[in-house]
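Residue-level listing of the chains:
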Amino acid sequence: MGSDSVDRQIAGLLERVRPELSAALEERAVAAIQATRPLQQRPRYVSRMRLLAGGLCVLALSLVMLLALFVWTPGAKSVAWAQIADALSTVTTVHMTGWEGDSDLVFRTDKWIRLRPLAVYQEVTPVDPQTVKEASRRHIFAGDAEKTYWYFPERGNRAIIGKGLQTDFMGEVLSPLEWSDSSGQGAELKVIGRSRVEGRAAILLELPGWKERTELAVDARTKLALRLRQFSPSLEGADVEVTRLDFEYDTMPPEGIFNWAPPVGAVVEDKR
Amino acid sequence: MASAGRSSQVTELEECERVAVESDLALRDDLLAAAPEAARELYRRFAPRLLAFAASRFPADRQLAEDVTVQSLANAARNIRGFDPRKSTLTAWLYGIARRQIRDEVRSRTRQKSVPADALSPLDEATGIPSDDDIAASVAARIDAERLMAQLKSLLSDVEFEILVLSAIDRLSAREIGSVVGRSERAVHSLLHRARTKARERLTTHGQ
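Line by line, the protein sequences give chains S and W. Each residue of the first sequence is one higher than the one before, starting from 1 at the first, in the numbering used here. Each residue of the second sequence is one higher than the one before, starting from 273 at the first, in the numbering used here.
Next comes chain W alone, as it looks inside the complex (with noise of 0.2 Å):
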């Protein structure tokens, strides 16, 4: 009977990644073939998980997360031809992507003087402003969200801080994870492991 259960679990499993992969296969194909909608598809799929992902790098920086979530965005298109379902899934193949022009953005950063963030944002969001209480509300919850995502962020090494992200935005498999910051599945799982305690105390400590 359990057996049964487990198989049938399995089943169901492996009907999700055949989806999941021909949804990938679909998408590239769309964007090979310069399709329409393609461009909105891939913008609808990812580009909210690509923003929390840059933006827990950036979080005090809303419009460096977007450019970098845009810019991965028009590179995944320039090289689809280069996906290969055989080795990621298209998510993983994402994140790879967006990990390499978030750390060419940190390299450039370095180099330059950087520009304060309120400089860079676009006039056209200065339109629909919320009244004084939801602003002073929201910008005290963001501030404190800024600042433990930063605190974790100098707490955990580089790597430690992403496989932590990639594991909690999208739940990413161990593997998946090992393709996009090129670890093996066993050094993301120790590594997811002493990512979790070292972020569990700081969090708990926060809590209290």
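Bound conformation, chain S alone (with noise of 0.2 Å):
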């Protein structure tokens, strides 16, 4: 029996199998047909083959990931900021005393106050009191972090408090997103090796692509700055370098230091 044998077999059995073409399933069927409307867009189907490609590849995405949260350590650069931030973020004051190389400026007192109302007080003594004239005497000063208004007499003794926004002196050093502005985008915080700032375990991190090279110290433990190196190229052409050290966070500043009484003669313009 041959292969057109058993089909012309089968043939005859679905003949004696399959009901009866009548009238009645005709005018059913053209009735059904004639009810439909072809939809407009063609079906799409998703063969099973896809569907396994598809979640195949979702289960692959997902290990990668996985894989990159395991890799992703928090010694990588990417999560140094983070955790200086977050840091940061714990402590209300910032205080902190240095030198200044290009004007023989000592910080005696620097103190920035994260919390409103915006203040910094700045009380400097000067190494040559020819270089800074206005060194003997402490200032007050207040404003938002960008635009600082002083008393001075050649300006009318008059001062212009704006409205008092929240500063974040060493964020804005650190940030990244700050320094879009003037600098290489998306920087990241470089560790450059470790040290011992100030008898205590520290982490070295630069600044890179910024205006001035930055170099940061940073406590190993606490994730809290000890240390602020910042190397500007003078008009000389010789790095000239600002270090800030002894950081101490929140020390409340003295009392009655904040004293927004204008001097005599001056006059304030309170916008807030």
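I should point out that these hints are in silico values taken from the structure, not numbers from a laboratory. Just so you know, not all the hints are guaranteed correct.
Only part of the chain S face toward chain W is listed, based on derived beta-carbon distances under 7 Å [stated by the list, open to error]:
#, residue
1, Gln9
2, Ala11
3, Leu14
4, Val17
5, Leu21
6, Glu26
7, Ala29
8, Val30
9, Ile33
10, Thr36
11, Pro38
12, Arg50
13, Ala53
14, Val64
15, Leu67
16, Ala201
Note that the Cβ used here is the ideal one computed from N, Cα and C, for glycine as well.
Put the complex together from the two separate chains, hints included.
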């Protein structure tokens, strides 16, 4: 019995099994076909193979992400900023002293208050009184982080207090977002080594891409800044180093240091 | 000489295929335009074969075979825009729809309690009843065929049975059958060979 014979026998069987084609069936089928409207868009079928392939892709992607999560340890460079920012967010005030190379100015006290109302006080002692004329008295100034208003006689002893913006000095120095205006975007803190600063274990970081070469030492344990050094090119060409040391956190300023009363003859326009 | 004969055969074959594709496209366009005769044309061209295909799966349930055929034709008309002559013939595409319909029916029947086929027969079929002798003869032949079909079905796997039926009803090519059952041409050849071998043994035994 050949394959044709098998097919013929099967066809014969089907003929006997098949119901008769009746007029009623024809009318019913024609009515059903006419009652339907062709879909306007081609139906899209997702084959089992494609579904399986899609599932495998999702699985592979999940595994890669999971792996990346384990590999991306907190020691990675891109996490350094997040750790420092976290540490900074827990403190209210930053207090530091230091020295500035180009003006021979020594910071006795420099305190940035990270809560409103913004206020910064600075007490400076001139190494060379001839160079720093105003340094013989303590200044209290207020304003936002970018514009600080001083009561200078040459400006008519007029200070304008703008809306107090919360400042975050360390954040501004360190935040990669803040660098975007002045330097390459998306720069990361670069771990350049480990050292001991003020007797404490420190991680040394560099802020690459910034206009001033900036080196930051953070406490290896608390991730709070211990030292900040900036090297700015001077007009003469040699780098001028600005170093801020002795960071203190959450040390309250002396009582009465913020005196909003203008000096004699000065006027304050409060636009807050 | 022989090569000339072969080339004329090839040309005839190509001509047949071209005519078939044109005919399929014409019917598709008529259905899309909801032409009055399109529904009847679809029924006349495909209902006998689809009905035989459905009956092979439900040999003892005429009503269900008819329902599957009607529903398959209606689904084809609804989704006619999805028919792509570059991928398959209209016949193979319709068998694919019928196959899915049959699978849905089998699935729903396993969930429901089945209703006896007799209870589903429409009343208008009771008219024009033939004589008792004719009935006896046709019923006997039919029961015999149904039994043999059921035996073949249990002997073969689902896909082997489907491939055997598609090959027998319509003389579909291995490629067309492959597009209906979702197998490669080579796999269809292999399955068809196996199915025919198994069926041959059973049919020979039955003939004796």
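Consistency of the hints with the structure:
Annotation: interface hint on S:Gln9 holds; nearest CB of chain W at approximately 5 Å, less than 7 Å. With its C-beta approaching chain W no nearer than about 5 Å, S:Ala11 sits inside the 7 Å limit, and its interface hint holds. Interface hint at S:Leu14: satisfied, since its Cβ lies 4 Å from the closest Cβ of chain W, which is below the 7 Å cut-off. Interface hint at S:Val17: satisfied, since its Cβ lies 5 Å from the closest Cβ of chain W, which is below the 7 Å cut-off.
The beta carbon of S:Leu21 comes within 6 Å of a beta carbon in chain W, closer than 7 Å, and the hint placing it at the interface holds. Checking S:Glu26 against chain W: minimum C-beta separation of about 6 Å stays under 7 Å; hint holds. Annotation: S:Ala29 was flagged as interfacial toward chain W, and the flag holds, the nearest CB pair being 5 Å apart, inside 7 Å. With a least beta-carbon distance of about 5 Å to chain W, the hint placing S:Val30 at the interface is held under the 7 Å criterion.
Annotation: interface hint on S:Ile33 holds; nearest CB of chain W at approximately 4 Å, less than 7 Å. Satisfaction of the interface hint for S:Thr36 is found here, the shortest Cβ-Cβ separation to chain W being roughly 4 Å, below the 7 Å cut-off. For S:Pro38, the interface hint holds, since its Cβ comes within 7 Å of a Cβ in chain W; the closest pair sits about 5 Å apart. The interface hint given for S:Arg50 is broken, as the beta carbon of that residue sits about 13 Å from the closest beta carbon of chain W, more than 7 Å.
Because the smallest distance between the Cβ of S:Ala53 and any Cβ of chain W comes to about 16 Å, over 7 Å, the interface hint for this residue is violated. The beta carbon of S:Val64 comes no nearer than 32 Å to any beta carbon in chain W, farther than 7 Å, and the hint placing it at the interface is violated. With 7 Å as the threshold, the beta carbon of S:Leu67 stays out of range of chain W, its nearest partner Cβ sitting at about 36 Å, so the hint is violated. Look at S:Ala201: its Cβ only gets to about 66 Å from chain W, farther than 7 Å, so that hint breaks.
When the structure is compared with the earlier hints, violations turn up for hints 12, 13, 14, 15, 16 and for no others.
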